[in-house]
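Chains as they are written, first to last, in my numbering: chain A, 1 to 242; chain B, 243 to 541.
Hint data in this document are derived by calculation from the structure and do not stem from the laboratory.
Note that the coordinates shown come from a computational prediction; the quantities given were computed from them, not determined experimentally.
Note that CB positions come from ideal geometry on N, CA and C, so glycine has one too.
Hints are not guaranteed to be accurate.
What the hints assert, rightly or not - Interface residues of chain A toward chain B, partial, derived using beta-carbon atoms under 8 Å:
hint	residue
1	Met51
2	Gly52
3	Gly70
4	Gly73
5	His90
6	Gly92
7	Pro93
8	Asn109
9	Gln112
10	Asp128
11	Ala130
12	Ser131
13	Gly149
14	His150
As the list claims (entries may be wrong) - Computed Cβ-Cβ distance ranges for the label pairs, DEER-style:
hint	chain 1	residue 1	chain 2	residue 2	range
15	A	Ile17	B	Thr272	28 to 34 Å
16	B	Glu375	A	Ala207	58 to 64 Å
17	A	Met198	B	Glu371	55 to 61 Å
18	A	Glu24	B	Asn430	50 to 56 Å
19	A	Arg32	B	Asn253	37 to 43 Å
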Amino acid sequence: MAPRDALARKSNEQHMIEIDLEKEGVRGVNSRLHTLAKDTNQRHWLIKNPMGQHAIACGLDAPIIVEVGGHAGFYCGGMNKEAEILIHGHAGPGVAENMMSGIVRVDGNASQSAGATGNGGLLVIKGDAASRCGISMKGIDIVVGGSVGHMSAFMAQRGHLVVCGDAGEALGDSIYEARLYVRGKVDSLGADCIEKKMTDHHLAKLARLLDKAEIKANPKDFRRFGSARKLYNFNIDHADAY
Amino acid sequence: MCGIVGLYLKNPKLQPKLGQLFKPMLIEMTSRGPDSAGVAIYRNPAKKGFTKFSLAHDDAKFGWKKLAAALKSATKKQVSVQQIGNHAIVTTNAKEEAVTAWLKAHHPEVRVVGSGQAIEIFKETGLPEKVYEKFDLGKAKGSHIIGHTRMATESAVTTAGSHPFATGADLCLVHNGSLSNHNRLRENLKREGLEFQTENDTEVAAAYMTWKLRQGSSLKETLEAGIKDLDGFYTFCVGTHDGFAVVRDPIACKHAILAETDDWVAMATEFRAIAHLPGADKAKIWEPAPQTIYNWGGH
Numbered sequence: 001m002a003p004r005d006a007l008a009r010k011s012n013e014q015h016m017i018e019i020d021l022e023k024e025g026v027r028g029v030n031s032r033l034h035t036l037a038k039d040t041n042q043r044h045w046l047i048k049n050p051m052g053q054h055a056i057a058c059g060l061d062a063p064i065i066v067e068v069g070g071h072a073g074f075y076c077g078g079m080n081k082e083a084e085i086l087i088h089g090h091a092g093p094g095v096a097e098n099m100m101s102g103i104v105r106v107d108g109n110a111s112q113s114a115g116a117t118g119n120g121g122l123l124v125i126k127g128d129a130a131s132r133c134g135i136s137m138k139g140i141d142i143v144v145g146g147s148v149g150h151m152s153a154f155m156a157q158r159g160h161l162v163v164c165g166d167a168g169e170a171l172g173d174s175i176y177e178a179r180l181y182v183r184g185k186v187d188s189l190g191a192d193c194i195e196k197k198m199t200d201h202h203l204a205k206l207a208r209l210l211d212k213a214e215i216k217a218n219p220k221d222f223r224r225f226g227s228a229r230k231l232y233n234f235n236i237d238h239a240d241a242y
Numbered sequence: 243m244c245g246i247v248g249l250y251l252k253n254p255k256l257q258p259k260l261g262q263l264f265k266p267m268l269i270e271m272t273s274r275g276p277d278s279a280g281v282a283i284y285r286n287p288a289k290k291g292f293t294k295f296s297l298a299h300d301d302a303k304f305g306w307k308k309l310a311a312a313l314k315s316a317t318k319k320q321v322s323v324q325q326i327g328n329h330a331i332v333t334t335n336a337k338e339e340a341v342t343a344w345l346k347a348h349h350p351e352v353r354v355v356g357s358g359q360a361i362e363i364f365k366e367t368g369l370p371e372k373v374y375e376k377f378d379l380g381k382a383k384g385s386h387i388i389g390h391t392r393m394a395t396e397s398a399v400t401t402a403g404s405h406p407f408a409t410g411a412d413l414c415l416v417h418n419g420s421l422s423n424h425n426r427l428r429e430n431l432k433r434e435g436l437e438f439q440t441e442n443d444t445e446v447a448a449a450y451m452t453w454k455l456r457q458g459s460s461l462k463e464t465l466e467a468g469i470k471d472l473d474g475f476y477t478f479c480v481g482t483h484d485g486f487a488v489v490r491d492p493i494a495c496k497h498a499i500l501a502e503t504d505d506w507v508a509m510a511t512e513f514r515a516i517a518h519l520p521g522a523d524k525a526k527i528w529e530p531a532p533q534t535i536y537n538w539g540g541h
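With the rest of the complex left out, here is chain A (with noise of 0.2 Å):
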């Protein structure tokens, strides 16, 4: 059994506890979810009326389940440590921003730069994601049910994003060491950036990825994309262009 699904049991055990944005406000919210002991036994939140406010549940460091109970604004569930925070609905920019650890689940679309500057962890959008998905991603792992924008991925360094409808303009541009999955078309791809040989390797690891985001999908079907490298240093032969 995966440890999301032993936690996810634990805490249906127990009752959920229901905090109404809308009488406590972010802050208030926030800090009630900030003072919980790692072992707290007040394992799973539902935050009623979040009403597209900013930064909802940012910053946790406890192993508990935070449901959002509609659609998020700007930031949610940033930083993350640890917690899993399923978003029924639609989430703002910069959807776990900086994320070190945990699940971040998305049941609608994303606006842009979702999973940016990610550390680890795994981000699930059901729907779409916009512009600049995964933007500097650090060891985060980002699977999209549907399609990503443009500039997505950009400076990515490490972890993985998948993407199981089309990718956008640019994809990868000046990627490091993250691999990128995509089943539908991509756009164009951004400099630096090259479609790879998909190994054994690569659809064991796609095929890990997808079970743990619940999504369906043929790893098969997917092509892979990376870094060519020469972007790594300055190459003297490149000296004139500048």
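Based on these hints, arrange chain B on the given structure of chain A.
Frame of chain A, contents of chain B only:
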């Protein structure tokens, strides 16, 4: 930084509540633009052959009735006037050019903020909530409405510099972002005979659209040409006689969100403005793609 919001009612039954539905949308964007606010509302279309002028004067006690009477005797046409705050809606069957020429000659201090069959534009410095109340928009009925909350970055905080900017008959524009080629473009447009009231970049975008439309371009063609000719960061919301359009620059870093239900279509800089609408929790929500024209209603 600015906030823009638009609401187009697909279900005519909601029309009596347009102003009431829109109020929290505009107010929610106060933190993005506390300097000034403006609204373009489409309501009470004038009879065929008549034009509604939205006029503004800095003096709230300005004698609009006197102005209307003078305009009537000068043009020998029908003129009616309704004062709303320091604005007035003048409805007349006189020719549009004749009215603007007469105003320029006799009342140069009166600003023409918009004109058309259905459009009425109200804009003023101050907090959005105060501006909304000043023009009694809470009870307004109508088919669609767009609004702007401004945090000025590139020109002064004045009523004239507030959005929306009219772009021709029944058309107006609100803008979040900044244009980088507006000075050169303004000079070019002046040579084409366009006039400017401010140093504002958005006014240049509005004048550009007016110029394109005058040349016979459709709204879609105008917006497509704008993507090529306007340089900078922008999300535009454009109000038309019977609908509205949204367009973003190719980089698309100025925020925008669209939401649609069976009853309405709404756009905003941030979703929290839309969250107040009935059915927003079940709406289809997405970020508009770059250099793509989204429009509702219209021809």
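Now the hints, each set against the structure:
Using the Cβ-Cβ criterion of 8 Å, the hint placing Met51(A) at the interface with chain B is satisfied: the shortest such distance is roughly 4 Å. For the restraint placing Gly52(A) at the interface with chain B, the shortest Cβ-Cβ distance is roughly 4 Å, inside the 8 Å limit, so the hint holds. Interface restraint check: Gly70(A) against chain B, minimum CB-CB distance 5 Å, threshold 8 Å, status holds. For Gly73(A), the interface hint holds, the least distance from its beta-carbon to any beta-carbon of chain B being 5 Å, beneath 8 Å.
Because the closest C-beta pair between His90(A) and chain B is about 4 Å apart, less than 8 Å, the hint holds. Because the smallest distance between the Cβ of Gly92(A) and any Cβ of chain B comes to about 6 Å, under 8 Å, the interface hint for this residue holds. For the restraint placing Pro93(A) at the interface with chain B, the shortest Cβ-Cβ distance is roughly 6 Å, inside the 8 Å limit, so the hint holds. Of the supplied interface hints, the one on Asn109(A) holds, with its beta-carbon coming within about 5 Å of a beta-carbon of chain B, less than 8 Å.
Because the closest C-beta pair between Gln112(A) and chain B is about 6 Å apart, less than 8 Å, the hint holds. Interface hint status for Asp128(A): upheld, as the beta-carbon distance to the closest one in chain B is roughly 7 Å, under 8 Å. Taking 8 Å as the C-beta cut-off, the interface hint given for Ala130(A) holds, the closest approach to chain B being about 4 Å. With a cut of 8 Å, the hint placing Ser131(A) at the interface with chain B holds, because the nearest CB-to-CB distance is about 6 Å.
For Gly149(A), the shortest C-beta to C-beta distance to chain B is roughly 7 Å, which falls under 8 Å, so the interface hint holds. Taken as an interface hint, His150(A) checks out: its beta carbon lies about 7 Å from the nearest beta carbon of chain B, inside 8 Å. Against the hinted window of 28 to 34 Å, the Cβ-Cβ separation of Ile17(A) and Thr272(B) comes to about 32 Å, which satisfies the hint. Here the CB-CB span from Glu375(B) to Ala207(A) is close to 59 Å, well matched to the stated 58 to 64 Å.
One distance hint, 55 to 61 Å for the beta-carbon pair Met198(A) and Glu371(B), holds here, with the actual separation near 57 Å. Checking the proposed 50 to 56 Å range against Glu24(A) and Asn430(B) shows it holds: the Cβ atoms sit about 54 Å from each other. Checked against the hint of 37 to 43 Å, the pair Arg32(A) and Asn253(B) passes, with Cβ atoms roughly 39 Å apart.
Hint compliance for this structure: no hint is broken.
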